[in-house]
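Listed in order, the protein sequences are those of chains A and B.
To convert, note that position 272 of the first sequence is 362 in the working numbering; the numbers rise steadily by one, no gaps.
To convert, note that position 36 of the second sequence is 310 in the working numbering; the numbers rise steadily by one, no gaps.
Just to be clear, a hint being listed does not mean it is correct.
Said to hold, decoys possible - Here are the in silico distance ranges between beta carbons for each label pair:
# : chain 1 : residue 1 : chain 2 : residue 2 : range
1 : A       : G117      : B       : H946      : 55 to 65 Å
2 : A       : S246      : B       : R313      : 33 to 43 Å
3 : A       : L110      : B       : T530      : 29 to 39 Å
4 : B       : A927      : A       : R248      : 20 to 30 Å
5 : B       : S405      : A       : R337      : 44 to 54 Å
6 : A       : S350      : B       : K843      : 46 to 56 Å
Claimed, not checked - Calculated pairs, SDA-like style, for lysine to any residue (alpha carbon to alpha carbon, straight line, at most 25 Å):
#  : chain 1 : residue 1 : chain 2 : residue 2
7  : B       : K1003     : A       : Q276
8  : B       : K816      : B       : E841
9  : B       : K1003     : A       : R338
10 : B       : K283      : B       : T530
11 : A       : K140      : A       : T249
12 : B       : K324      : A       : R248
13 : A       : K345      : B       : I939
14 : A       : K140      : B       : E751
15 : A       : K345      : B       : Q447
16 : B       : K779      : B       : H834
17 : B       : K802      : B       : R813
18 : B       : K843      : B       : G830
19 : A       : K345      : B       : R313
20 : A       : K140      : B       : T530
21 : B       : K1003     : A       : V342
22 : B       : K843      : B       : L631
23 : B       : K644      : B       : E874
24 : A       : K140      : B       : T382
25 : A       : K345      : B       : P334
26 : A       : K345      : B       : E374
27 : B       : K836      : B       : L931
28 : B       : K891      : B       : G661
29 : A       : K345      : B       : E874
30 : A       : K140      : B       : A381
31 : B       : K779      : B       : G960
32 : A       : K345      : B       : R873
33 : B       : K324      : A       : V94
34 : B       : K428      : B       : R413
35 : B       : K644      : B       : L631
Simulated from the structure, these hints should not be mistaken for lab results.
No residue lacks a Cβ here, since even glycine has one placed at the ideal position from N, Cα and C.
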Amino acid sequence: MLIVSFQLVQPSTPEEAIRLLSRSAAGDIAVLGGGTDLLSDIEQARITPKQVLSLRNLPWRYFRWEGNSLVVGSTLPLRALELDPHVQRRLPGLWEAIRDVGSPALRSRATLGGNLGRCSPASDLIPILLALDARARIVGPSGVREHPIDIVLQESRRTSLGPAELIESVILPSSAPSAYLWQRVQPVNDISQVGVAAAFVPEGPHWRIALGGLQPRARRLSEAEAMLRSARPTHLEMELAAQEAARRAEFVSDKRATESYRRRLVTVLVRRAIQTTLDRMPKAAHPRKAAS
Amino acid sequence: MIRSDAEPKARGALEYGTDLEAPGMLWAALVRSPIAHGRIVRMDLSPARKMPGVVAVVGPEDLRTLLPKAALEAERPVFPLDEIRYRGEPVAAVAAETLEQARRAAATIEPEVESLRVDARIEDIFPEWPSPAAAKDPRVVGHVHARFGDVDAKFRSAELVHSETYRTSGVHQVAIEPHACLAEVRNGTFHIRSSTQTPFGLRDDVASILGIPESRLVVEGTWVGGGFGGKGAAFLEPYAVLLAIASGRPVKLSLTFEEEFELGRTTLPSIIRLDTAVHRGRIVARRVRLLLDTGASLPGRDFAVGYSIGFLLGPYRTTAYEIEGFALQTNKPPFGPHRAPFAPQSVFALESHIDGLARRLGVDPIEFRKLHAWREGDRTAYDQPVGPIGLEAGLEAAARTAGEWRAGLPSGHGIGVAAGFWSTGVGAGGEARLWLRPDGLTILEGEREIGNGSVVQGLALVAERVLGLPVEAIRVEYGDTATAPFDSGVFGSRTLGALGQAVEKAARSLANTLATRAGAQTVQLEMKNDRVLVVAGRRRQKLVDLLTPEERAAGGIEAHGKHYGSERKIDASRVVTGTVYPYQDFTAAVHLAEVEVDRETGHVRVVRYAAFQDVGKAVDSASVTGQVEGGVVMGLGTALSEEMLWTPEARLANPGLLDYRLPRIRDVPPIHVEAIEGFAGAGPFGAKGLGEPPIIPVPAAVANAVADATGTRVYELPMTPERVARALKLL
């Protein structure tokens, strides 16, 4: 480990941030959100930036409800969402995933934007964001664009963002019964061996199943979703969805778990995540059968 | 009562090893081997010498010019002169004006190396269980073999033989303060300040490595931010001294956390085979076999295996037995002690085995243990008499609590019990000087507080009990090895039991002197208006009035206390090969764990925990609770999550706290602590050492609870969810 020096720049407007990014060669500048991953990247000399651009002074530390949608500024510390009772009630799966990231100290720094930008295969947030059809609002030299995060995310440390683009906010279009379950050796400050998100969204096809802990990154499993043909899937359907998820997921063996154990976990956690989501559906609002 | 070091520690006012500074100080960095086993063909130090801020660079060649000839012949030379024996082994060192400059310069040295075959695991050396002839293999650095009675005949005629193999993993001490020291040369004497558990032992160790006389070395201990066995022997100090000689300036060396893991002297993996013969419901003969990975330890080191193997026989009455252990050299860093060295691992195997055997016999596991448990007057496997021990009392207390827990136990939960014994290091010597002044008492001794309170709190309370002087009027002061009375240091749970006896003797001698002068049988001291009063019967007088003119001139009265243990005999005829280690000051711990096991994922959650600890006599009940809770939490790590992961090339894959998983507060269940008194130990007032015993039964108690919950036994530590899932045949 080396001690490193860099210049810290702290723009206070998005325009200034974009201008600074446009002027720098890739690799010379690193973007600082919460810094929870950046710090170890620099420490382990994975990157050697000359400049670190902090997003801290940008006006993006907010969240607000727009009708049924939740809009989260990309630099808002996760802790703010965790402590909000409306987030917990309206987006229980998202709240669960946030609550179980790292430790309280880490969540007071870590941000949604940083988590997406880092695009770790082990992210606990990406699976639930995928399941909830999250969209990212991106700003850059050529203006603003908005895409489903599924299009923005590529693989570990890679997104479709241009070198001078930044994620401004994340939009969760609707409140939905949802759940996020994980398996770790330890509950706190550990990396999930597998993460499973399930959600039942108003817009069809209703069921969403997403997995984390697999290469190259978390993804939706439409094959497993297809096994769930109603709002009240049978036990057999849940089991089939779980089996299908385990079959389709591209797991690898590493120091945290073997590939076969991850597969085993998926069969258990997918079933439990669907069941938990079902348990969270408002009883009266249960549609007897989803439109197919 | 609040410990005297609590407030300054909370304020950050005390100096730990990592805080050390000196005027003109340089920072050091180590150059570490890029391979696990091999030779240095060529190493050019000149690129580092040209780096900015660099003042000194030393490598193997410099030992010749900077140190006496003896340093080259030392058993452990400062740098490897021939073979590199583990990845990351320091091969050169750099001192520079700043830490950054030192590390940058160290990174420019790239030794040209020739690789040799790497032994990463026990299984690489012995794919099959070794025969006694295997002891000739040069990688066997220790071989211990002992037997008693007609083992073969008893096994042949037994009604039942229970045979199992267990495996354990390497665990790190993870003191929150990394190793750190500062060395300087003053008028031809080498001064070392270091975060160490054993200042005197460190002095002797450094002297032998550097080939210089002990009289030219002075070691001063700092406050220690956790030791757990990892801060005993010389580690960084020889490099710092060498750089101080080369640069002529004070040199500070401290490790990063990654280096702590990669260089750490830790507990290493083992394979344990246990065979037990049972006849008419009782154990009649036992075979115990141990393969212990001792990393890059040197030949002739059978201490690790000789000490460990006794714990595999457990606190149970001797039957015919045969024990054999091999210490195996691999290309990992050398084996080192970790709180109750290797006992939690031994006891995991033994107590899992005993528990499974009881279940197989259809007998209550606690009753089965009681049937064989040591009582005072029994003889150990090496024919030593067992002293007072609270084992049966602990088992009975545990049985009562287990009964309460059993009623209303939710499905999916299980309860496990495990017993352990420990032999505290009261044989290691120490001395203390007491200095009673008109305004209070000072205890001068040569051991530093490493966090558990046995020095700042324990020694002061011993003096308080004897003299009656309130602990607030008692100060513990530390000297360096030139000014303090000798003490062996903090290890083997010995501080209260051994150094405490020296303090007790000094205090009694002080009380006797004052009683004689006061013309009374006994005296007690008390404080009034910040003055020491001597109370003899109804008479109270000021201390000054009882002092001689010389003492008044000197400002107080002094007393000296010594404690040196006596030799302990074992029946040597039982030892075939190697050295086994006698026990002393027997203590016991019985633990109870309730767990919930996720039958689909293998995840184990400890729901609640109870520890029944033989303490002899509790000198400070808050410290008892603190030590037991700390031991249990640390043991839960060994049980469930802590594991050093080495690749087949002997590279540590998890050198940090992200993937080396310490227990977090959310993993810690409610812990019920019960002190068992009345079985007196060697320490003051019958106290027994308490630093190590509370970690010993933890992995076994959890394993037995998992077996109770699932009907399935886990044969390997740590019991991670994946290992439990495999045991449950989920994959």
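Each hint tested on the structure:
no.: 1; hint: G117/A / H946/B: 55 to 65 Å; in the structure: holds (57 Å)
no.: 2; hint: S246/A / R313/B: 33 to 43 Å; in the structure: holds (38 Å)
no.: 3; hint: L110/A / T530/B: 29 to 39 Å; in the structure: holds (32 Å)
no.: 4; hint: A927/B / R248/A: 20 to 30 Å; in the structure: holds (24 Å)
no.: 5; hint: S405/B / R337/A: 44 to 54 Å; in the structure: holds (48 Å)
no.: 6; hint: S350/A / K843/B: 46 to 56 Å; in the structure: holds (54 Å)
no.: 7; hint: K1003/B / Q276/A; in the structure: holds (21 Å)
no.: 8; hint: K816/B / E841/B; in the structure: violated (43 Å)
no.: 9; hint: K1003/B / R338/A; in the structure: holds (23 Å)
no.: 10; hint: K283/B / T530/B; in the structure: holds (22 Å)
no.: 11; hint: K140/A / T249/A; in the structure: holds (22 Å)
no.: 12; hint: K324/B / R248/A; in the structure: violated (39 Å)
no.: 13; hint: K345/A / I939/B; in the structure: holds (24 Å)
no.: 14; hint: K140/A / E751/B; in the structure: violated (50 Å)
no.: 15; hint: K345/A / Q447/B; in the structure: holds (21 Å)
no.: 16; hint: K779/B / H834/B; in the structure: holds (8 Å)
no.: 17; hint: K802/B / R813/B; in the structure: holds (14 Å)
no.: 18; hint: K843/B / G830/B; in the structure: violated (42 Å)
no.: 19; hint: K345/A / R313/B; in the structure: violated (29 Å)
no.: 20; hint: K140/A / T530/B; in the structure: holds (24 Å)
no.: 21; hint: K1003/B / V342/A; in the structure: holds (20 Å)
no.: 22; hint: K843/B / L631/B; in the structure: violated (32 Å)
no.: 23; hint: K644/B / E874/B; in the structure: violated (35 Å)
no.: 24; hint: K140/A / T382/B; in the structure: holds (21 Å)
no.: 25; hint: K345/A / P334/B; in the structure: violated (36 Å)
no.: 26; hint: K345/A / E374/B; in the structure: violated (31 Å)
no.: 27; hint: K836/B / L931/B; in the structure: violated (42 Å)
no.: 28; hint: K891/B / G661/B; in the structure: holds (15 Å)
no.: 29; hint: K345/A / E874/B; in the structure: holds (21 Å)
no.: 30; hint: K140/A / A381/B; in the structure: holds (20 Å)
no.: 31; hint: K779/B / G960/B; in the structure: holds (14 Å)
no.: 32; hint: K345/A / R873/B; in the structure: holds (23 Å)
no.: 33; hint: K324/B / V94/A; in the structure: holds (20 Å)
no.: 34; hint: K428/B / R413/B; in the structure: violated (33 Å)
no.: 35; hint: K644/B / L631/B; in the structure: holds (14 Å)
Hint check: violations occur at hints 8, 12, 14, 18, 19, 22, 23, 25, 26, 27, 34; the rest are consistent with the structure.
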